[in-house]
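**Student:** Sequence:
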Amino acid sequence: MISKPALTLLCSILLGTSWAQSTSLQDLGGQIASSGNVTTIYLAREFITMNPQQSKAQAIAVKDGKFIAVGSEADVRKLAGSDAKIDRSLVNKVVVAGFIEQHVHPVLAALTMNSKVISIEDWDAIDGFSPAVRNPVEYEARLKSALAEFKAKKNGPETPFISWGYHHYMHGDKMSRAYLDKLAPDFPVIIWHRSCHEFFLNTAALKLTGITEAQVARMPESAQKQLDYAKGHFFEQGAMAVLGNLTPFLATPEKFKQGLEFTEKYYHRNGITLAAEPGGFFSKPLQDLINSVYGDEATPFNHLFMADGKTFSARNPNDAAALIKDTEQVLDWGKGRTAYMPKQVKLLTDGAIYSQLMMMKDGYIDGHLGAWIMDPPVLDYAFQAYWDAGYQIHVHNNGDAGLDVLLDSLEKAVARNPRLDHRTVLVHFGFARPEQIKRWIELGGIVSSNPYYVTALAGPYSKMGIGAARAQFMVPNAEVLKNGGSLSFHSDMPMAPAKPLQLMWAGVNRLTYEGNVAAPAQKISVEAALKAITIDAAYSIQQEKKVGSIEVGKDANLTILEQSPFEVSPTQLKEIKVWGTMLEGRMQPVSQPAQVPSTAKGRIGIKPVAEASELNQALGSSLYSLLSHKHLH
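With mature numbering (1 follows the signal peptide of the UniProt record, and there is no 0) applied, the sequence shown covers -20 to -1, 1 to 613.
There may be inaccurate statements among the hints.
[To be verified] In the DSSO-like style, the derived pairs of lysine-lysine whose C-alpha atoms are separated by at most 27 Å in a straight line are:
hint, residue 1, residue 2
1, K58, K73
2, K131, K187
3, K245, K315
4, K341, K443
5, K36, K557
6, K73, K245
7, K235, K245
8, K58, K134
9, K46, K315
10, K205, K154
11, K187, K211
12, K264, K323
[To be verified] What follows is a set of in silico ranges between Cβ atoms, one per label pair, in the way DEER data are often shown:
hint, residue 1, residue 2, range
13, Q204, L311, 34 to 44 Å
14, S52, H148, 55 to 65 Å
15, A501, G152, 29 to 39 Å
16, D312, K525, 20 to 30 Å
Worth flagging that the hints you see were computed from the coordinates, not collected in a lab.
No residue lacks a Cβ here, since even glycine has one placed at the ideal position from N, Cα and C.
Assemble the whole structure, with the sequences as input and the hints as a guide.
**Tutor:** Shown next, in the form of structure tokens:
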């Protein structure tokens, strides 16, 4: 009996897609057969294996979702046997090991992409492509146009206009309640800051959400200091204090599910075969809803999750054994194509890079201060507890002063209780001094950086807060490789688009939006950048024995490209088109939306939540948890 994914594939081809036009019946037989126990040989213009022992191949053989042969066509035919089917659908394609996005946040990605995106970079959002806006005049024009379009749809007074992406450094400081009242006097408007940590509301939105001066007066002093009711501005603790008012409009279950379904297609279009979220939320109802979208067999990627050590350490501040036991309760929360990674945990040091709250050794040129997410003693307690329990620890850090604290915790752990191959991960890697990087790698640490920070922030931060010398040296990837360290890339979506080829481009070129090259000596090679989104990304989350390269015995995961990253100009890397992917032997062309049909959802028997009110509460709690980390910006 043909499986449902195979039937979907067959129907799609017979309906006359562009894929069908270039695929023979022989190829079709091979593609369907590969979903069962028949061996299929795939030929391509080139296979880039990411295996240093055999970097290129002409052919591969796949059986039961695994690579069983890799090499020349003649060798693969011999190894695969005479009964193997031949698939020639990739003969004009360049095929690489499946892309891995080891750090995304599905909750925030789903919600932000479901708003009207007007941001500092290009985005493919639910309502279409939104080009970057980097100056106040253009931002105001785009906002006015979006408001006019929203008003023309006559949504009614109970439906707010919500836009995400405003950033005061590039869009100006006019944003306020009065400004929004002038632009939209008769319907509610909520502007969600690019950092995700600030909101601006007009008068109609304050009324709709029920935020009153009396409510503000009852808030803790810390929250009152971080809001301006007259200006409709709520930030940090002030934003957290009104999140309960905002969540029913920002994060409805319907919006969230629609956003997840969008990100599912988004990841696939960009060649992702494995994604992971480190420490995003702690909510079983919310995880169940995510599983109902991502967990289904038809989902074109696998998605892993990691426990949030900040939450669990706050729940168990004085009992390491209880902390570990509490952390382990999430291990069976995944279903189908989602799973929690055992013995891996996320911790955090300092604050946001998008809001300049990272802890910097030499401070900020305008005199403002950074902030800790986990105070150093709290971080060290959690770090040592998880270390002693044998965990791989992933630590968010952006500032060099934050890295000093983290280095001390790692050095203490190594001296006190040596562990081989601990792979402690320095996550984000905004600012680091050369001597810190050397020390980190000597202690056995590895690095997962966000190279997009250079693209988005090196230009404006050269003038604002940081200064040119430090801003140009942001995300010093070459320094990691110089010291023999392992380097992987991530987007932290929605902090950058989850586009692995764009991350490659950013790391190789270090071009800012202003057109300058930041610290040219910190550029890395195309080969190193490709490793950072394949085998080294797999290594960073202990998946390298299963995925990350095209090798016999590994899952047959591939990303299929129209051009080779080694044959285009470095500045054209992000323009390479993704033709499709293969997941565990199943061919998945990007041109085939039917490959992940919405009607197929729920086949693995996952029920999101019984009551909508329970999910609303879960969304609110999870959004609060995510934003209170101060790290997603």
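**Student:** Confirm or reject each hint.
**Tutor:** We went through each hint and held it up to the structure:
1. K58 with K73: Holds, because 23 Å separates the two Cα atoms, which is no more than 27 Å.
2. K131 with K187: Judged against 27 Å, a Cα distance of about 18 Å means the pair holds.
3. K245 with K315: holds, 19 Å
4. K341 with K443: holds, 18 Å
5. K36 with K557: Satisfied, since the Cα-Cα distance of roughly 20 Å is no more than 27 Å.
6. K73 with K245: Roughly 21 Å separates the two Cα atoms, so the pair holds.
7. K235 with K245: holds, 16 Å
8. K58 with K134: Outside the cut-off at roughly 66 Å; violated.
9. K46 with K315: holds, 21 Å
10. K205 with K154: holds, 20 Å
11. K187 with K211: Holds, at about 14 Å.
12. K264 with K323: holds, 19 Å
13. Q204 with L311: 34 to 44 Å: holds, 41 Å
14. S52 with H148: 55 to 65 Å: holds, 58 Å
15. A501 with G152: 29 to 39 Å: holds, 34 Å
16. D312 with K525: 20 to 30 Å: Once the Cβ atoms are compared, 22 Å apart, the range 20 to 30 Å for K525 and D312 holds.
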